[in-house]
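Colleague: Assemble the whole structure, with the sequences as input and the hints as a guide.
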Amino acid sequence: MRRITLLLFLLISISIQGQAQEREILTSDGVKLYVKVKGTGTPYLYLHGGPGSGSHWLEKFFGDYLEQHFQMIYLDQRGVCRSSSPKDNNYSLERMILDFEEVREALGIGEWLTLGHSFGGILQMAYFEKHPQKIKGMVMINCTLNMTESFYGSWIPKAADFAGVSYTLPVTVSSDSLLNEMMKVGKAMDEDGVRWKMAYSSQKNDSIMNSSYRDIANWNNDFSAVALDVKDYWTDYTAKTPKVRVPVLFFYGYTD
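Residue 77 is where the sequence shown starts when you use the numbering used here, and the numbers rise one by one after that.
Hints in this document: simulated from the structure, not taken from any laboratory. Check before you lean on any hint, since a few could be wrong.
Straight line, CA to CA, 35 Å or less: simulated DSBU-like cross-link-like pairs of lysine-lysine [claimed, not checked]: (1) 316 to 114; (2) 234 to 273; (3) 319 to 206.
Cβ pair distances, simulated, as ranges [unchecked claim]: (4) 241 to 312: 47 to 55 Å; (5) 241 to 164: 35 to 43 Å; (6) 234 to 105: 33 to 41 Å; (7) 301 to 243: 44 to 52 Å.
Just so we're clear, the structure is a prediction, and the values are computed from it rather than from any experiment. All C-beta atoms in this analysis are idealised placements derived from N, C-alpha and C, irrespective of residue type, glycine included.
Modeller: Here you go:
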């Protein structure tokens with residue numbers, strides 16, 4: 077009888093661990109961070125890109141698989157999606173890293189894996205540089221480690237090529253000059269209906285991805301509106317990669 081009781085207790089515990097846990101974690105500066113924990117296994121923090129794309133799309137499209145192997149922590153960064161915004165407009169890289177640590181401590185996790193996507197690569201590298209002992213390994217999915225190279229050396233030229241228009245790379249890198257050039261080539265892509273080619277192999281995949289954004293009511297876009305003005309994010313983190321001493325797995329599209 078005692079063995080049966082113990083077995084039932086273990087089964088119930090495993091079932092509870094695998095259920096989704098949604099919560100708001102209040103940061104030390106008063107921001108409510110939306111966090112969802114799902115799955116069992118090694119804790120795995122998802123650092124979304126964008127800036128401002130939120131964590132919902134990864135959960136929607138890949139969560140079922142990932143949660144079979146890991147305890148996924150889906151975090152919406154401050155000023156993004158279901159999280160609130162800081163009253164002092166503090167979106168510094170240092171503050172972001174502190175958010176990650178406060179989430180880790182609130183969840184009672186000693187160390188975890190991190191998964192960075194796109195802009196999340198910069199967050200991931202900066203986090204590792206500050207707290208290497210807390211990260212067991214990293215996965216980089218189409219990660220950016222150098223914003224200047226990403227936009228000026230890749231995004232703008234590729235977008236202009238798809239749209240069949242010329243482009244001008246400003247001598248001085250600034251958020252204003254960047255946005256102006258991106259708006260110009262972006263408008264040309266929209267007019268030709270080819271913007272989807274920048275990220276997807278088909279328009280169907282583009283539509284599926286866009287559907288994930290419609291799932292969330294009152295999406296917070298505050299961070300995405302100011303992210304390119306934060307100087308911290310323009311640091312070249314490729315120069316810091318030789319210091320990484322944990323396993324790293326890279327996922328990149330063949331033609332990216």
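Colleague: Hint by hint, say whether it matches the structure.
Modeller: Results for each hint:
Between residue 316 and residue 114 the CA atoms are separated by roughly 32 Å; this keeps the pair inside 35 Å, and the hint holds. Restraint check for residue 234 and residue 273: satisfied, since their Cα atoms lie roughly 10 Å apart, inside the 35 Å limit. The hinted pair formed by residue 319 and residue 206 meets the criterion: a straight-line CA distance of about 12 Å does not exceed 35 Å. Take residue 241 and residue 312: their Cβ atoms lie about 28 Å apart, and the range 47 to 55 Å is violated.
Taken as a hint, the range 35 to 43 Å holds for the pair residue 241 and residue 164, whose Cβ atoms sit roughly 40 Å apart. For the pair residue 234 and residue 105, the supplied restraint of 33 to 41 Å holds, since their beta-carbon distance comes to about 38 Å. Hint check: residue 301 to residue 243, Cβ distance near 24 Å, so the stated range 44 to 52 Å is violated.
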